[in-house]
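Student: The lines below spell out each chain.
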Amino acid sequence: MRTKRFTPRAIFSLRKPKSPTPLCMVVLPGRVGLASSVAAATPVKFGLRLVRVCVCAVLWVATAASSLGQDTPDYFRQNCMSCHTIGGGRLTGPDLKDVTKRKDREWLTKFLLNPRGVIDSGDPYAKKLFEEARNVPMPTPPGITADRAAKLLDLIEAESKLETSQFKGAQVSTEPFTDQDRAKGRAIYLGTQRLGAGGTACISCHSMCDVPALGGGLLGPDLTNVYERLKGRAPLSAWLVAPGTETMQPIFKNHPLSSEEINSLVAYFESTTAQPPADSSGGQVTFLLSGLAGAVFGVFFLDSLWRRRFYSVRRTLVEANTGRGRS
Amino acid sequence: MNIRSQVSMVFHLDKCIGCHTCSIACKNVWTDRKGAEYMWWNNVETKPGTGYPTKWEDQDQYHGGWEKKGDRPINIRSTGKARVVPNIFHNPYMPSMDDYYEPWTYDYQNLFNAKEGADQPIAKPISMITGEDIKVEAGPNWDDDLGGSPIYAANDPNLEGLTEEQRLQLSSVERLVFFYLPRICNHCLNPCCVASCPSGALYKRGEDGIVLIDQKRCRAWRSCVAACPYKKTYFNWFTGKSEKCILCYPRLETGQAPACFHSCVGRIRYLGVLLYDADRIEEVANLPDDQLVEGQRSLILNPFDPEIIRKAQSAGIPDGVIESAQRSPVYKFVMEWKLALPPHIEYRTLPMLFYVPPMSPVMADVNGDLANHAMDGLFHSIDAARVPMQYLANLLGAGNEGAVRYALGKQLAVRWHRRAETVGDIDRATADRYLREANCTIEEADEIYRLTSLCTFEDRFVIPPMYREQAIEMIREPHEQKAETGFGFVGGPRRGL
Ligand code: SF4
Ligand code: SF4
Chain A
13 MRTKRFTPRA IFSLRKPKSP TPLCMVVLPG RVGLASSVAA ATPVKFGLRL VRVCVCAVLW
73 VATAASSLGQ DTPDYFRQNC MSCHTIGGGR LTGPDLKDVT KRKDREWLTK FLLNPRGVID
133 SGDPYAKKLF EEARNVPMPT PPGITADRAA KLLDLIEAES KLETSQFKGA QVSTEPFTDQ
193 DRAKGRAIYL GTQRLGAGGT ACISCHSMCD VPALGGGLLG PDLTNVYERL KGRAPLSAWL
253 VAPGTETMQP IFKNHPLSSE EINSLVAYFE STTAQPPADS SGGQVTFLLS GLAGAVFGVF
313 FLDSLWRRRF YSVRRTLVEA NTGRGRS
Chain B
173 MNIRSQVSMV FHLDKCIGCH TCSIACKNVW TDRKGAEYMW WNNVETKPGT GYPTKWEDQD
233 QYHGGWEKKG DRPINIRSTG KARVVPNIFH NPYMPSMDDY YEPWTYDYQN LFNAKEGADQ
293 PIAKPISMIT GEDIKVEAGP NWDDDLGGSP IYAANDPNLE GLTEEQRLQL SSVERLVFFY
353 LPRICNHCLN PCCVASCPSG ALYKRGEDGI VLIDQKRCRA WRSCVAACPY KKTYFNWFTG
413 KSEKCILCYP RLETGQAPAC FHSCVGRIRY LGVLLYDADR IEEVANLPDD QLVEGQRSLI
473 LNPFDPEIIR KAQSAGIPDG VIESAQRSPV YKFVMEWKLA LPPHIEYRTL PMLFYVPPMS
533 PVMADVNGDL ANHAMDGLFH SIDAARVPMQ YLANLLGAGN EGAVRYALGK QLAVRWHRRA
593 ETVGDIDRAT ADRYLREANC TIEEADEIYR LTSLCTFEDR FVIPPMYREQ AIEMIREPHE
653 QKAETGFGFV GGPRRGL
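Going down the list, the protein sequences come from chains A and B.
All the letters of the first sequence, read from the start, carry residue numbers 13 to 339 under the working numbering.
All the letters of the second sequence, read from the start, carry residue numbers 173 to 669 under the working numbering.
Hints were generated in silico from the structure; no laboratory data involved.
Small disclaimer: the values here were computed from a predicted structure and weren't measured.
It is possible that part of the hints are untrue.
[Claimed, not checked] Which chain B residues face chain A? A few, computed with CB under 7 Å, are given here:
1) 226
2) 233
3) 262
4) 264
5) 268
6) 270
7) 271
8) 310
9) 323
10) 327
11) 452
The beta carbon of each residue, even a glycine, is placed where N, CA and C say it ideally should be.
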């Protein structure tokens, strides 16, 4: 209780640290002892406990808040660079160099806070952008606020003035893809080859035209035509450097893909572009049926494993010695 | 050496009259509650018989206790890390309600409320669990006094190793025999129930060795039910917690004998403290079967030895407890006279309840219509007793006759001696010869006689001072405890965390 170490455990421990007497391990409180020791804490003690809880809560909130205060360039790198460059040309989204000159800040802020909403409102400029991006809408940037939007625009403005911005975008190689790249990409997609940084295999969330058996996951969109949708090699590669959707970002933020892995994946995605996308309905039926089969198997398996569960020593004994069944 | 003290017990089977008073005393004090109706923390069995739950001694069915395979250290037989998961929804070694019995009462209200009719109303048996009508087929002492013996007594696991002839004799009318075996939790030194609990809810109190289940920690795994080879932990289906004999610790702490001891009509029960060496428990529990009885005795320390007293004091055992250990009747029966033996020590839990094996009537000579019971003058030799030695050895000697023979021989010698003293129709020389053969002096024989036949309440129950005020010090401030005990909410055990 009067411990000096300021750890959550020390703060929250309800009782005195146990005395080191070895007997103490053996002598646990009986029912009465335990009940009364908890219930009968004095008011003074309760007050102390309350103070400790409050201090703790304040500390926690403080740390949580500071974790939000990451600086704007980092934010841009993690959330925007998958679709945009500053002075590096168009990816999925437009090049942001001098964007503040093309449109006024008020509009830009509104768009940043809710891209989908602005597009859907029928705003002509937003519509044009949407079409230019081949109908890939801009996802709402995670954790965006008016304040953050203003900071982002400041950053873009400042970077636009530079000769070469730090956000010019990655240099994507132009060497043609080999069969080896495609095979490796497929292995990464299927998860048979692990990702170097420990990211999740694509198949967990995405389906694909040529995936066997149960098909890919249904959380994300089908990837068969992704190469075409995201406008080719450079934008797709850039997307994979830091996937920007709210679902993918937390997964890959700490487990980024290496440039080699990206190259292989893009090679694979390119090879499937012309195919019709996977028909997910077949996968669902297989999934349902195999689930049912598994359940039936499980029932019989457990039934045989626990076949003795209705066994009774006494009844067996009596029946064996009287030859008379129970009524 | 790690000296501890243990409240231990002796049951003198030669004196038990099978009245079940002990069971009723316990039931009234502790288990007359919902969910506990079927529990008999104390029960009295007829031997030969299959007991309660049916055939509890048959570990091929119940897998209780520790098992020793080859040279490897002993292991719990019913559970283990690998067996918890596959058995998580169903433990195949758990006794079922049917193995105990379905508790019932009678529909007495019907006697008052029945509609007027041509017949007298009756009180039908109804289940105490479902409230439905039941057909009573079993009870906790269904085979009492050899009831249903072709089914029950004939299947007693202790008959193993007996010849066909011996088995037949046990049930032939002229020669049949039975005795009673009252049973409570043995508060073992190496309790399998404690070792098996995944929640750590069971514990053995360091200062007196009483084994208890913390009702707040129990998570209804029921591992202890399967693990205890004596089947002395029970699952309360209403509270969702396991329960067991608590050796009436609230009574002991206030200087009273446990309820079953206090009420025992035959005065067969003795209670006293023993000092033992906790460091050697593991070594002894791993001994081969035929050395277990001796091994357990070697754990128990002589409370008169100045060296032991000094070590006990430095181990924190209060002087009052040491002094109580010196007066302990259990120490006399187990260590000085070697009359009392542990039940089924081959389960390796090292039970701390010891039984004095019963004498039984002489085997009759059937000669035409006449049965002749007299042999060898007044008393018979122990080998001619109706209960075969092998049977008692299976029960009390891990299959070895030696220790049982010694205990019976000494009891017989005491009888010869006392007969010579009080009646005088036996000459002194014969009595002395029997005493010599039984390794017993006249003083010892007199002492055995007094503690067996003339024992007072204080002789039988030497209850050590429990020093709860010192034990509580390890958990909280004693003055706080004193001032606050009884305040706050005391909730009963109930399902959930
Ligand atoms: S008799 Fe059973 S319940 Fe009692 S201590 Fe021994 S193993 Fe545990
Ligand atoms: S009360 Fe005593 S004499 Fe009666 S059955 Fe119980 S142990 Fe035996």
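Student: Now look at each hint and say whether the structure bears it out.
Tutor: Hints versus structure:
Annotation: interface hint on residue 226 (chain B) holds; nearest CB of chain A at approximately 4 Å, less than 7 Å. A hinted interface residue such as residue 233 (chain B) counts as satisfied when its beta carbon comes closer than 7 Å to some beta carbon of chain A; here the least separation is about 5 Å, so the hint holds. For residue 262 (chain B), the shortest C-beta to C-beta distance to chain A is roughly 4 Å, which falls under 7 Å, so the interface hint holds. Of the supplied interface hints, the one on residue 264 (chain B) holds, with its beta-carbon coming within about 5 Å of a beta-carbon of chain A, less than 7 Å.
A distance limit of 7 Å between C-beta atoms decides the matter here; for residue 268 (chain B) the minimum to chain A is near 5 Å, and the interface restraint holds. Interface hint status for residue 270 (chain B): upheld, as the beta-carbon distance to the closest one in chain A is roughly 4 Å, under 7 Å. Among the interface hints, the one on residue 271 (chain B) holds; its C-beta lies about 5 Å from the nearest C-beta in chain A, closer than the 7 Å criterion. Hint status for residue 310 (chain B) relative to chain A: holds, with the closest Cβ pair at about 6 Å, below 7 Å.
Of the supplied interface hints, the one on residue 323 (chain B) holds, with its beta-carbon coming within about 4 Å of a beta-carbon of chain A, less than 7 Å. With 7 Å as the threshold, the beta carbon of residue 327 (chain B) comes within range of chain A, its nearest partner Cβ sitting at about 6 Å, so the hint holds. The beta carbon of residue 452 (chain B) comes no nearer than 17 Å to any beta carbon in chain A, farther than 7 Å, and the hint placing it at the interface is violated.
Going through the hint list in order, the structure does not satisfy hint 11, though it satisfies all others.
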